[in-house]
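Participant: Protein chains in written order, with my numbering: chain A, 1 to 108; chain B, 109 to 587; chain C, 588 to 1220; chain D, 1221 to 1680; chain E, 1681 to 1864.
One thing to keep in mind: the hints can contain errors.
Facing chain E, a subset of chain C residues (Cβ under 7 Å, in silico) [claimed, not checked]:
| hint | residue |
| --- | --- |
| 1 | A643 |
| 2 | T1204 |
| 3 | V1207 |
| 4 | L1208 |
| 5 | L1214 |
| 6 | G1215 |
| 7 | L1218 |
Don't read these hints as lab results, they were simulated from the structure. Backbone N, C-alpha and C define an ideal beta-carbon position, used for all residues, glycine too.
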Amino acid sequence: MLNIFQSLEISHYIYLSCVLFCIGLFGVLFRRNAIILLMCIELMLNAVNLLFAAFSEYMGDKDANGQMFVFFIMVVAAAEAAVGLAILVMVYRNTRKTDVSFLDSLKD
Amino acid sequence: MEIIILPLILSLLAAFTGSKINKTVWGLLSFVSLFAMVYMKQHYGIHNDGVWHNTYDVPWFSNGIHFTLGIDGLTGLMILLTNLLVPIIILSIQTNNQKSLIPLILFMQAALNGVFMAKDGLMFYIFWELALIPIYFICLLYSSKDAFKTTIKFFIYTFIGSLAMLASLIYLYLKTENHSFAYDELLSVQLNYSESIWVGAGFLFAFAVKIPIFPFHSWQANTYTNAPAQGSMLLSGIMLKMGLYGLLRWFMPMAGESIAFFQPIVILLAVIGIIYGAVIAIKQNDLKRLIAFSSLSHVGLIAAGFMTLSAVGIQGGVLQMFVHGINVVALFYIVEIIETHAGSRELSKLGGLAKFNRLFAALYLIVVLGTAAVPLTNGFPGELLLLKSVFDYNTITGVFAGLTIILCAVYMLRMYQFSMLGEGKASLKEIGLMKMIPLLILVALVIFIGVCPQLIIDQISPSIQKIMLEISNSKGVLS
Amino acid sequence: MNSIGLILGLPLAGFLINGIFGKNLPKSIVGWLGTFTVLASFVIALGVFNDLRHAAIPSEGLHFKLFTFLNIENFNVDFSFTLDRLSVMMTLIITGIGSLIHLYSIAYMHEDEGFYKFFAYLNFFIFNMLMLVLGANFLMLFFGWEGVGLCSYLLIGFWYKNAEYGKAARKAFIMNRIGDLGLLMGLFLIFHQYQSLDYSIVLPKMADGSTSQAMLTAISMCLFVGAMGKSAQIPLYTWLPDAMAGPTPVSALIHAATMVTAGVYLVVRCEALFYLSPITNNVILWVGLATSLMAALIGLKQNDIKKVLAYSTVSQLGLMFVALGCGAYTAAMFHLATHAFFKALLFLGSGSVIHAMHHEQDIRQMGGLKSKMPITYITFLIGTLAITGFPFLSGFFSKDEILLAAFDHNKIVYVLSVISATITGLYMFRMFFVTFHGTYRNHHHSFDKVHESPWQMSLPLMILAVLSVLGGLLNLPSYLGHNVSMKLSHWLAPILPMAESHAEMSHNTEFMLVGLVVLLFVLVVLYTRNKYVSKNAVPEEDALTPSTGKVLANKFYVDELYDMVFVKPLELLSSLVDNMIDSKLIGGLIAGVSTLLLAISGLNKKIQNGNIEYYLTFMVLALALFLGFNLFF
Amino acid sequence: MIGILIVFIGAVLVLFLGLNKPEGGMKTLSSLVLFLAGVLSLLESLSILNFERLSNWAPKNMIDFSKGDLMFVSLLAFVTAAIIAIFPTVEEKGSDRLGLMMLSLTGAFMMIGADHLVMLFLGIEVLSIPLYVLAGSDKHNLRSNEAAIKYFLMGAFSTAIFLLGCAFIYGGSGSLSLSEISLRMSIVGHLSEFPALIKVGVILMSTGLLFKVSAFPFHFWAPDVYEGSPNKVTTFMAVVVKIAGFVAFANYLQAFEALASWYSKWLIILAVCTIIFGNIAAISQKTVKRTLAYSSIAHAGYLLLFLITPMKANMWILFAYSVAYALSTVVLFYFNDKYSTKKEYGFGMFSGLLKNNQSATILMVISLFSIAGIPVTVGFTAKYYLFTSAFEVSPLAVGIALLGSAISIMYYFKAFKPMFESAESNTNEAHASKILFVVYLMVAASIVFGMFPYLFERCF
Amino acid sequence: MGNISNLPIPFLVLSFITILCALYVVTSKNPVHSVLALILTFFSISAHYVLLNAQFLAIVNLMVYAGAIMVLFLFVLMLLNLSKDSEPVKSNLWGVAAAISAGLLLVIITASFQKTGIAIMQGNAPEIGLVKNLGRVLMTEYLVPFELSGILFIAAMVGAVLLGKRDGATVQEIMDLNNDANNA
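Construct all of the structure, not just a fragment, from the sequences and the given hints.
Facilitator: In structure tokens, the structure reads:
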């Protein structure tokens, strides 16, 4: 199969991932809807996944570690999403809101 | 070890039996440790040769940190003071509704004995802190007012001081060859000048707060005033001595070359403290506050004497430590009696008490005179030696320090006059003879030491010489 | 050896027995015990005196070491005593007059509830005073020095229920302490210079000229400050008149005959030192002179019988210091002795009067007492004559010797001294005449009740009167013949090696000067007699005194001045330091730290505002910060 | 490994057995299971028992419990057992909360034993995900809800950052196994030769872990979440998450020992900031729980100091500190839970305690002393060891830490004011109730360990 | 970093799409649009996986993320009736702050690499990304995490159930309950 890194440097993937990651991060900071926040976090995770995959490919030589890691990240992301959505639903049931900026009763 | 364990056991016993057993019994029982001390001296065959003999030594925190107790002349005098005063302090308890007072005092006794006997840096620190705890609770539980505010200030203040000391100790510890806290090992550490200043400053801060030396005294007056009499006695009678003892035993030999750097500073501060305390004491209305500031004045002199690094100053200081313990405890005892029997300890509400109990008046007077350092009372020899040492160190400071004998007379006599003489506003209810006995013992000591101070000097002299040798050995300050 | 122990020990024993058991003993035993212990000391001292007369080396005395008081490195002080010619003289005066006053007190204090306490204190005072004069080193001297101050405090405040008395006692003690500080500093200097405090070591070294002048001056000034305090010289004299608050025997013993002369003793003891410090000598001279004049002037307007005597004492002490300043040490000692006789006599006499008048001390309330109290009257007269220098009484000789010395030293000093002596006559006779002559003026206390005192009081009066008359024999001037004269000078000569070089002046000059003094004396007597007996004038009420007199009556406002300059500022300072510096500044700093911490702590509320967006942003920024730092470092 | 197995099996058992029973019924069982796990781990770590055969089924490259790790495992098991035993259970049916807590504990074990970044990541998640739920397990309490969502969002966010770090490290070192990374790093040698990927990766990964241990400036979740969560969960969070986090942190940093001089610089700054911030912020807190939360932040600061010392030889110090921290924190949270009421959750809840319940007072006093580091409690011992070892690296930081512990007195001792006041008016009924034996045991342990500190070094 | 025109076209195109979609996720006002954009993003990332020879991941990504997780999101959005843009608009200031923070992080991370460079060796591509190979690794080397991720799922499942379980309390009751606590 073709190796993409024959015509590409690894740094391109690093930059791409970082950009994606920071977009997600920006979203987390910028948005207030908890669901969108969760989605942005998923986006961040995906950026990481992409990076892992790229590294894994770049290492070559039967290194499956990166891809395995991506696999586990996906596993965890699924579990996290489930729990996160459960929490969201619970909060929504109690407050009818998913806007995180309204949840500030706990403070100093 | 015995005199640490014994009070501890007694303390636990007292805690569990509660107030079922009369305080007198506990007072008498705590005298036991005095005998234990004598026994210990016999048992370990300790000679008065100035060496700090080990009496107990087991590994504790690690191989380098031992549980080491030692005894020499200086330590002996200090534990004598402790074990002599604690029973008296217990006997001075007037009411029965202060349940945990006796266990705490006994616990304190154990800790104090530990402080004075600890031959291992960390142990010293631990006992130092342990001694703080009971007194903290005594003050917190039984203070007359503002208990929390006063005690927290006191506690944090002294705690910061001790932490500074801990930092210095750790520094020294890490510098020792085989990581040990043993006193001799710590002594043998060679520090360069700036190191020794930092290390010395750490020690000094801890002791300066505890003593207290002038700008670090602000915990003192309120704590003394608000604390129950027993607390004040413990604080001023014995705990102050911890600071002075530390100054002599730990700070001065360990400070290295920097002692020359600290010497003028401490002496200056101490002398300022002498006058400062005395001046404030002049107008005080509350007897305990008055004694607090007088104490500030007196211990300042002791600290100054120590820092002159002369044999006269140090021995005089040690003597005066013992003496001040006796005097100040006696004074607080008297205040306690006045307060319980006359109902107030404010000078403006007192007066004319002399006519009610001649014996009390006489004993009070002797204690006042002892504090004012009249010859043939115990205050005199120490003060003489201290003033001489300060005078020899620097004439001007000597003269200023000497003002204490005038100012002390001013406020002590004022205190006596306004409480005892004149036409009375207050009356003194019958004082039982039992209550006079501790006072009698103290007064006997006031006279006895006043006449034969050399007996005590002989006890401490070899140890002091050894300490001075240690100071001079590592630092070349003394010729 | 043991005689010193006994001399000291007997009064101490008396003190202890009376002090501890006195409350339960009958008054007679207490009183007689106190008296006999002192008397016994006197007798022993007499024996020692006799021994010393025949001693092989006249400057040597007996030594007695009890134990080591302190011994640290080279600082070595023994509890040791010495009894040489000087101290035996002092001892005799102290114990002699002391025993008389004890005897007197038995009757005088008979009614008092603190009878046993009084005797205990008196005995204790004798003990301390003896320690002062017998001590073999400066520290022992200091012991006694402070000890007598203490006893003085106790006895002035003897009637403790009176707050004013307590105040006076405190004042005395504190003023003494100021002097004591000077003395203590002197001690330190001495030790610093000579590495010892023993007379036997220090004094010869002082004399041998090896000490620098500055050091000698410093030491002697320090010691003189001590002497000022004890001997009530300017500026530390104000306590002595106030000290009259104590019972009269106390005034007689302590504040006239013995304790106040301790300063003179000190200077004489350190004769070598003072002799070699001319600056100090001058200071002593002028201080003494000023004190003498000032006290005499104040004495002119005092109406309290004891106050008059008190100022007279201050004045006489001033004269003694004049003598010391002139280098006439023997003259000072001579006057010390005669003064002890007649001043004790006068005080006891006044005590007798006061006793008769039931504690009335104002001379304006007296008058015409001579008929009711013949013995007191006669003895008082003798005392008055003695102090004012009636020819051939003791005061005449001793005072003349001082005046001669002054004349020899400096003519201005002489003139001023003579004025002082003359004023002495004025106020003494004023008091004497107002008290004993004229008419009885007291309306509260009937004249019939005035009575002569019991024999325990009269006997000491008579003995002292005899001594006042004969005291001059101690040191008759040389013009009266070599066999009888200058006994005291010879006696003290071995102790005072330096001052021997006293220039002899011609007898003619002496006679002339003596004549002048006698003339002045006669004038004074005539004037006062005219004013107070013939015209029967009574001193005015204080409020009515004219301006100059008012200044005198108010003692030059010195007390007020001191109050304003020292006491008030000190109290103000105390409050200021307590309220401002201690609570506000230092306490405030500490409180400030915790307030600051709390304030900083409160800032956390701004960040920890419960809003997750803020948290996340802060976290990201912090992360960026770390990464950024990583970039550059 | 045995710990994970037992606790997991126990969790499943508890979940199934307690399906329709009240939670209280399963309390004993879960405590016993945890206790058993603790004992077995302890025995294994002391080389008395050996479970080699049991764990042979799995390859060793992922998870490997050293003797020291097992000590931590047993400590956490004991602590969790104690937490479950002493805190009251909810009245609902179903034992899901207990089960979740035990599952979370297995995550902690995984973190402790992790020798691989995947394992570390999984451990963190297994630890966290049940906790997100538990934080919100008081479903009808809005504060609990808020705590859950805050914890979850921030936790997930920090996980993402952590993962980015992992990716960089993977890219930089070419491996995910910590021992492998360590090996490669030691070959590279000089600091400047390390690729930037690794440094950035270490920072990002550390951020994730610093978040878990609530170090400044990643502490923001802690006070809010601690306050909102049910007391039992808060205690678990404060103790187990922190200890596991630090052990994992220590293990993972050891792999980068070659970078020690570089990262310890950062850690010192962080530690100092955390100590200062935690202590100062705690002063002005009104509620006990928040105070304890900030105190736990401060403790994270002290523990950060541990990370700059030579860790491998000093793991026993971390253990000692963990013991000290765990014992006193659990006891204090216990009393907070016991005496807080709906109306009073500030320090006022202790008012008149001395009068009403002396033994509780003594227990609290000792625990407060221990957490404040006053001799002769284990708190002092641990602090002493920690500070001494850190002193060699950075005396200044230790000085600030000492100052911080002095400041901490200001808030720890705040409790004494109401405790020793005689309160006639507001008597708290809860004061009268008995205190469980376990609490006595823990307080006694903190004294015993304080008196015989040599135990730690010898047994570890 | 080479010249951008030298880069392979698929990479450029895919990256462009990815970033564009990601930006839309973040900025879209309507949550449903966000979800859809996110799914698109995932698709493009899957394409990247294919480029990177991670075929298995590409499939799993589509299945798990786009298939399962995103559907879950959508489902929840619908369930909670949040499809409208109910979110109040944040102030621009906040957006700027967030952008600055995120941008700063990005700049710094990339700058870190610029400064010191990236040093990893380059290898050639095997067929590791196929299920067969990955499965072997998963069942040997990664057995333990694989097993233990079961714990994760149990926990997540139990947790979701615990939170999702309905009980009797009405919203009003809950409000009252919490108001009490807040007022106290």
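Participant: Each hint: holds or not?
Facilitator: Do the hints match the structure? See the list:
1. A643: Violated - the Cβ of C:A643 stays beyond 7 Å from chain E, reaching only about 103 Å at its closest.
2. T1204: For C:T1204, the interface hint holds, since the closest Cβ of chain E sits about 5 Å away, which is under 7 Å.
3. V1207: holds (4 Å)
4. L1208: holds (6 Å)
5. L1214: It holds, given that the least Cβ distance between C:L1214 and chain E is near 4 Å, below 7 Å.
6. G1215: holds (5 Å)
7. L1218: With a closest approach of 5 Å, the C:L1218 hint holds.
Violated hint for the displayed structure: number 1, the only one.
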